[in-house]
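> Protein sequences, first through last, are from chains F and U. The numbering of the first sequence is this note's numbering, which starts it at 59 and goes up by one. The numbering of the second sequence is this note's numbering, which starts it at 25 and goes up by one.
Everything labelled a hint here was simulated from the structure, so no lab data went into it. Beta carbons are placed, not taken as given, at the ideal position from N, Cα and C, and that holds for glycine. Any given hint might turn out to be false.
As a list, the in silico DSS-like pairs of lysine-lysine whose alpha-carbon atoms are at most 30 Å apart [unchecked claim]:
hint	chain 1	residue 1	chain 2	residue 2
1	U	Lys241	F	Lys218
2	U	Lys263	F	Lys218
3	F	Lys162	U	Lys207
4	U	Lys241	F	Lys129
Just a sample of chain F residues kept apart from chain U, beta carbon distances all over 12 Å, derived [as the list claims (entries may be wrong)]:
hint	residue
5	Asp183
6	Met281
7	Glu303
8	Leu356
9	Gln362
10	Asp383
11	Gly405
12	Gln412
13	Thr416
14	Asn435
15	Ser493
16	Ala522
Listed below are the residues making up each chain.
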Amino acid sequence: MPRWINFAVFLCTALGLGCTGSIGPGGRSGGEDVVNDGIAKGLCVVDTPIRRLTRFEYNNTVRDLLGDTTKPADGLPPEEEVAGFNNQAAALTTSDLLVEQYMKVAEDVSGRAVQNMSALMPDCDPELDGEELCASGFIEDFGRRAFRRPLSSTEAARFKTLFDWAVADADLGRFEDGIRLVIEAALQSPSFLYRAERGSETPVEGDIVPFTSWEMATKLSYMLWNTMPDAELFAAAAADELETEEQIAAQARRMVEDEKARDLIGNFHTQWLLLSHLDSVTKDSGVYPDFRAGLRALWKQEIQEFVEHVIVEGDGTLATLLTADFSFMNEELADFYGEDVLDSVTGSEFQRVQVDPTRRAGLLSTAGLMATHANLNQSSPVFRGKFVREQLMCDTLPLPPNDLVLVPPELDPNKTTKEQFEEIGANPSCAGCHSLMNPIGFIFEHYDGIGQWRDEQNGKAIDAVGEVVQTEDIDGSYDGAVELAEALAESSQVRECVASQWFRFAYNRTVTQDDSCSIEQLNQTFAESGYDIKALLVGLTQTNAFLYRRAVEPAPSETGGAQ
Amino acid sequence: MKKLNRRAMLKGTLFGGTVAIGLPMLDAMLPRTSAAQAGAPPKRIVFWFTANGTRQDIWSPPASMDLSGHPLHSSLSPFSQKLIFLDGVDQDVAYDSIGDGHQTGMACVLTNSEILPGGLFCEGSCDSGNARYVGWGGGQSVDQYLADEIQKETVTKFKSLELGVQVRSSTIWSRMSYSAPDKPVPPREDPNANFTDFFSDLDSDPFALRLIQRRRKSVLDAVMDDHAAFERKLGYEDKQKLEKHLQSIRDLERRLEVTTAFGEACTLPTPDLPGGSYEQNDMYPATGRAQMDMLAMALACDLTRVASLQWSRSVSNVRFNWVPQRLDEGHHGLSHFGDDNQDSQADLLEINKWYSEQFAYLLGLMDSVQEGESTLLDNTVVVWVNELGKGNSHTRRDIPFMLAGSCGGHFRTGQHIDAGGEPHGKLLVSLTHAMGKPVNTFGEPQYSQGPLGGLT
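Same shape as in the complex, but just chain F:
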């Protein structure tokens, strides 16, 4: 349950401004738009609306379906972005432009695909085996992979009609033209573009149904790989071996060890850690002569390689993500970090390096995050505190009042940033919320506006002590980010927050009240594994929320489809 911040503690009586946010991972459950969220009997089940492939998923899917690695979906309109993620079912809408671009992308992809016919149909040669046979075989095989289930006879006939039309057309006429049109139509079909799971016909309880093995294969592959099922998942689906929790967990365990899990891990962390903000970071070159645009990509790569390594090759724990004394750098980046890097690095390849454990710890103290959550010409205790509270602790903080003029303080050569922000934070109208953010930000004051270590500022020693308040379990005073990182790594609030972020990302929707038992299952799995992210991913396949849905009710006025 969300714990609402106790206003009275902070209420500024003069202006009536308190901090009306909420604390903890439950805080995001505001008003999510889901269908059928009534009360289930024994199982807690919340249905996810159909969702169309994101651009990322589309690119991965045509890569695996047709070997097309051109990322053709990059030119589609961007996904609607809500609650920090771009894959939220309730927000993904369609538009005329999107549909027009789907058509053009499908034309391009299919055009490339038929350049290599033997790759499309390795086992059938139209000259030897006959065009009819190869076309029908292709439609059945390709159709099953594109729609992620066997085609109905009507669907197969529809594709065959299209093929025949193209082959009979005076200006098209070639076998390849027919195949191309089949691909083109399949890529614009809702069965390709959308994920819709109806569930099986047999309820397990009341109107609650499990999913068919074909549906489960798709659910697993898009959740754990952000792409279509591989041959093994399809084989399991065809054999109806994705029914029991054990069967599903076994697949999930295989999948998180697969290379393709890297796509998912990269995608999640890019969004969770707001890494896209890094692309537009800019700094005042007068204050930070070391800053150059080329650093952005290095900063980002450091975080991505570190996260991938920890989760895929390393121990996979949240604690390591938050407290590791190693990172990944090339020579240029290591030079930027200076003496914080204990190994010598040469060349442009990124490699694992030990970092000074008294100065750096895990993700939070990376230069990329420190520079992103900073101002043009100085660090920002506000932004850094806000980032920790929102992304790691799942607190929600309200915006300052609408009419407030918000500007960072002018640089004062006689004061430290902390001193300046302490003055602002002392203003009673600001203190309500800023006492939640600024002190956490002060703990990061050893990192300047571009994330480089500093022992002093304007001739004064850095004071990186901050008092963390209003948390579930890490209230107290911390000196420096290394100390804070240790505490965050042990915090239930942070652990539950990370689990709930994964929940939203993986299930394409926000957490609702009816998800309480699924959340509990997830938190328990995470805890039992010693907070291992891979175990959390497997756990995501074992919740009620993942395993069941309510049977589809017929629409109120069934019109029988398109008029």
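Given the structure of chain F, go ahead and fit chain U onto it with the hints provided.
What follows is chain U alone, placed relative to chain F:
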């Protein structure tokens, strides 16, 4: 711009032999386009968006309408007799709506409707969450209303064209056009793709064009059959979502046969396309210019009657490092300083002056397209909108609305009107009248009782 190379004679394969076809026969074979070949030129409407308010204190024109010495608008001086400056028009509905200043300003400016409740966007610029959430905009926007109405009688190649310059992600802060409540319309942001999408017809062999149309029709027919079967298996809400998708396919198919009209002024534009860098901050001016070049030509070619050009988005943080002061701080950041901060006021002057120069560039392009006795600009109304009046206070009162072009003589241009606090919904009503698709109210009725006075 180069004049389109019209092929006088075309070669193709017909009944097995090579034949040459003269143009008259070709014309008979190709479907007629929407262009009014004779009679009055069509009316068009263009919405032009810039963000974060303006310098309200210096925005208005002098009584003489002589803009030559104007701090913001001197570049508009050649067009002063074709402009209407509107002071005192407020976004009243934004104050009733849920949502923060930028959200309401953006979602209400063309809809005059309150934002829908929902769990999608937190109020404020929070990155990940806030206690109060809102949904998408709550009404159809006036551009989309007009596009729908116009299409009932004239099918243009595009129902409407939404162009964007570095709008980037899709959120309540970045969408002003809505095809219906809850249905935001994304702009086309890649000038390179736009060039192909808009103008490839102009340079294609008509036989190749016909083939593309035939193929697309066959594929889309199959896709639509597939939709019908797919939808039958869905629950109500999901079905609604798919139905919208299906409508878009139907609409796309309907437009396949419309090819670009070859007209006197319709030529293949030669914009400087920015290539893959169109999303980079420093390419903002170049990307905008390419989009303007294509927008003007799209209108001259009658590809559509309704268009918009959206520069960035509300809360725009574009860094104007090409204006004389070379601003390294983002626009939104600068817009938050107090009115008494001389530096930021000077910076905001530069930013808004630059936008005015871009506006003048587009008007210049449009005014150079002759359509009979008048120009494309005369037959259009270009409506400059902003989500705010002023950035630091987030006021949605006294929004700097400006009209350019009389929309075929409907508006009495060359004037400055102080509406004295009228709701902006009345301006939207006026625009429907100008386009010959009049409504009595638009969006929230209490804020749109009839057209705005003094415009005609």
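> Please confirm whether Thr416 of chain F is truly not at the interface, meaning its C-beta sits more than 12 Å away from all C-beta atoms of chain U.
Given a closest Cβ separation of 30 Å, the condition holds.
> Report holds if the minimum CB distance from Ser493 of chain F to chain U is greater than 12 Å, and violated otherwise.
For Ser493 of chain F, whose nearest Cβ neighbour in chain U is about 17 Å away, the distance exceeds 12 Å, so it holds.
> Would you say Asn435 of chain F is clear of chain U, with no C-beta pair closer than or equal to 12 Å?
9 Å, violated
> Taken at face value, is the distance from the CA of Lys129 of chain F to the CA of Lys241 of chain U at most 30 Å?
Roughly 26 Å between the alpha carbons, so the hint for Lys241 of chain U and Lys129 of chain F holds.
> Is the Cβ of Met281 of chain F farther than 12 Å from every Cβ of chain U?
19 Å, holds
> For Asp383 of chain F, which was marked as not at the interface, is the minimum beta-carbon distance to chain U over 12 Å?
28 Å, holds
> Taking C-beta pairs only, is Asp183 of chain F more than 12 Å away from all of chain U?
Given that every Cβ of chain U is farther than 12 Å from that of Asp183 of chain F, nearest at about 25 Å, it holds.
> Against chain U, does Glu303 of chain F hold up as non-interface, every C-beta pair farther apart than 12 Å?
25 Å, holds
> Lys162 of chain F and Lys207 of chain U: Cα distance at most 30 Å?
Holds, at about 22 Å.
> Hey, is Gly405 of chain F genuinely clear of chain U, shortest beta carbon separation above 12 Å?
28 Å, holds
> A cut-off of 12 Å on Cβ-Cβ distance, and Leu356 of chain F was said to be off the interface with chain U. Does that hold?
About 18 Å separates Leu356 of chain F from the closest Cβ of chain U, which puts it past 12 Å; holds.
> Say whether it holds or is violated: Gln362 of chain F keeps its Cβ farther than 12 Å from all Cβ of chain U.
Given a closest Cβ separation of 19 Å, the condition holds.
Violated hint for the displayed structure: number 14, the only one.
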